[in-house]
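**Student:** So you can see what is in the structure, the chains are spelled out below.
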Amino acid sequence: MALTGLEIYKQLPKKNCGECGVPTCLAFAMALASGKAALDTCPYVTAAAKEALDSASAPPIKAIKFGKDSVLGDENVLFRHDKTFYHPTTLLIRVSDALSDADVEAKVQEINILEFDRVGLHYSIDGVAVVNESGDAARFEKVASMVAAGTDKSLLLLSSNPEALKAALVPLAARKPLVGEATAENYEAMVNLAKENSVPVILKADGLDALNDLVEKAQALGYKEFVLDPGSRKPVETLANLTHLRRLAIKKKFRPFGYPVVAYTSHPEPLDEILEASVYVAKYASAIVLNTSAKAHILPLMTLRQNLYTDPQKPIQVEPKLHSVGEVNENSPFYVTTNFSLTYYSVEGEVEATKIPSYILPIDTDGTSVLTAYAAGKFEPDKIAQAMEASGIADKVKHRNLIIPGYVAVISGKLGELTGWKVVVGPRESSGIISFAKSQLM
Amino acid sequence: MSVALVKERYSSKVGEVVLGATSEQGGTRTSTVTVGGDSALPYLHFEGELKNRPVIAMEVNDIVPTWNEAIMNQFGDVLNNPAAWAKKCVEEFKADLIYLKLNGADPDGENRSPEDCARIVKEVLAAVGVPLIVVGCDNDDKNNEIMAVIAEAAAGENLLIGLAEQDNYKSITAAAMVHKHTIIARSPLDINICKQLNILINEMGLALNKIVIDPMIGGLGFGIEYAYSIMERARLGSLANDKMLSMPMICTVGYESNRCKEANASADEFPGWGDLQDRGVLWEAMTASAMLQAGASILIMRNPAAVRLVQKNIADMMSK
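Protein chains in written order, with the numbering used here: chain V, 256 to 697; chain G, 1251 to 1570.
These aren't lab readings, by the way, just hints derived from the structure by calculation. Take the hints with a grain of salt, since some may be wrong.
[As the list claims (entries may be wrong)] Now the stretches of chain G that chain V is said to cover, found in silico as 3 or more residues with beta-carbon under 8 Å:
(1) 1294-1303
(2) 1309-1317
(3) 1528-1540
[What the hints assert, rightly or not] Keeping only pairs whose Cα atoms sit at most 30 Å apart, straight-line, the calculated DSS-like set for lysine-lysine is:
(4) 1392(G) to 338(V)
(5) 693(V) to 1344(G)
(6) 1392(G) to 362(V)
(7) 489(V) to 1257(G)
(8) 338(V) to 1257(G)
(9) 508(V) to 489(V)
Ideal placement from N, C-alpha and C gives every residue a C-beta, glycine not left out.
This is chain V alone, in the form it adopts within the complex:
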């Protein structure tokens, strides 16, 4: 639970010096409680008070950073409709050190090209998990260094042997890999190794009770950069464990479980594996280690991740400027729609499919769809007329025909008057654009 302003006030020096930029300590406490100020701006707060306040205001799930800009955890809700999910599930592709050098290189190549562009968004895979299956420390070190040389993506180094891990980790410590895994048997060596190299470490135990014990013991070593693995490898059990961990962290602020969680897929067949991973993307995994690295498999998973981690209060928008599809010329048709990303890209996809080079002008409707925008007064004739003026469309085409979505046929008259253009009522749904174009534009 977050502290109230009064609870915070009790910990402050009560000097009312104003050096923090707020006139009184009480006002500063209120600002802290609402997240509008940072404790660092108070020059007189005692170390003891600082620690008490920091731990009370710490997020329910600690943010763990590693590799190349990977952030795990720091989530605040169980359901995206309660606010939003913040840090998209980090996806790591497994590379075994039991593979031949050539196979390792091929796999790294395949991982490096896992970059996708769709609906104006760019997705790229987060990292590589190097797994010590050979049982050989020297081999593990060699493969880890090969992978590190072959990619700048985030790294996870996974071995249950502290010696092997040390050999692989030390030369790569500057890359700040995530390492693992610490278990009840090896945790002292593993956690100390992670601590010495300032990298986060996975704590793995079989079941939640054992995991709780392990976290307590590991924390006692004076380190707190952890990622949890509750050990289950059966999908429905992993779902239950991921849910328990998230609920305890958020609803109970249960500190031992206030860390991100990693999940591992268990299905050997890649398509089954991707469906299994989709469960963990939806339900609370901070990172997933996958086997498949085929583009056709990873794109759907990354798309689901992008969808579920979209802030429900901030629809994705496209830039409200004139867009062109294909090799446009002075006879190209001109469509108007809204700047809600899904609306725009549905229209763009269909316009592209008509094979007629065209202009599309998305109107800034704060990222709402046609009907919602119209109902909210954000898709009005004067606004469209202004946007057309600003876009310079009149100089780009010699015709004066403007195609509007069928749902707003009612604005045709006024829009025609304001612009002097002939308003053509298009289909209601983007799926009707191809047949519309065939009958009206060809």
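For chain V, the structure is supplied; the task is to place chain G on it using the hints.
**Tutor:** Okay, now just chain G, sitting in the frame of chain V:
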């Protein structure tokens, strides 16, 4: 040390709905399908009962569809014969239900007569023993005509018929009441309209256990998150005893996922997206999997390869 887990205690559960009717119940189905009845969030077996596993209804059309070849090829030569198509879905692909979509009724297309539509429904009923879902075309007026005739011709079969919508629910609700069918109540990604529509239908006298919610969904990559959150909220509502949100949910997974570009564009066209075969299958299967996690009870699907994957995912989620 043992950790005290958080187990939610819900005051209610998802309503149970039975689809189809056997000969003792006034129909001709060899078995019925029961959906809903869950007293926990999806697949959290530790806090309640997931009473009936989610089911898959495979889509059959009365005219040959314009789906992509990767899907069409899996059906062989049955696509111009709804009865044979349905039989193949049940026998070969293990569909729990058949979803018969009568696109041929469209006045702008084949303009099939209500009697002709009813004949096709009867043929499919004769070909398979599983319960049927029957919906019309894209024309509301025509649908009201055909559904009245179909409901009468299949009286007692307890079909799941659609669609009842906010501005067009009376005629189909009346048909369901008179001829003992169940209806799909569709709302446009809006939980308030969803609830309102259930109230309106219920006020006409149709029991709550004769309604299934279609919240409308988007395909993967095209607004699936809106459906996901609305369904999660509806599921939480039903567990918190909101009777007007407690019906099982049906999702048009095959239709929505397969109209996405990613399910159809070849690798030649979009080399960055990888091979179409697996991508197309996963686009539909993952749309289904996301809807299952949000609380879907009935998935309407097309691609047999995607159906197989989702059947395995359901088995995974229902295993204890």
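**Student:** Now tell me, hint by hint, if it's right for this structure.
**Tutor:** These are the hints, each one checked on the structure:
Here the stretch 1294-1303 of chain G counts 3 residues with a CB under 8 Å from a CB of chain V, which clears the bar of 3, and the coverage holds. Check result for the stretch 1309-1317 of chain G against chain V: violated, 0 residues qualifying (beta carbon to beta carbon below 8 Å, three or more required). Residues of the stretch 1528-1540 of chain G with a Cβ under 8 Å from some Cβ of chain V number 9, which satisfies the need for three, so the listed coverage holds. As the CA atoms of residue 1392(G) and residue 338(V) are separated by approximately 43 Å, the hinted pair breaks the 30 Å bound.
In summary, the hint linking residue 693(V) to residue 1344(G) is not supported, as the alpha carbons are separated by about 40 Å, beyond the 30 Å threshold. Between the alpha carbons of residue 1392(G) and residue 362(V) the distance comes to roughly 56 Å, so the proposed pair goes past 30 Å and is violated. Taken as a hint, the residue 489(V) and residue 1257(G) pair is honoured in the structure, with Cα atoms around 20 Å apart against an allowance of 30 Å. Distance hint between residue 338(V) and residue 1257(G) is fulfilled; the C-alpha atoms sit about 22 Å from each other, no more than 30 Å.
Proximity of residue 508(V) to residue 489(V) is assessed by CA-CA distance (about 27 Å); at most 30 Å being required, the pair is judged to hold.
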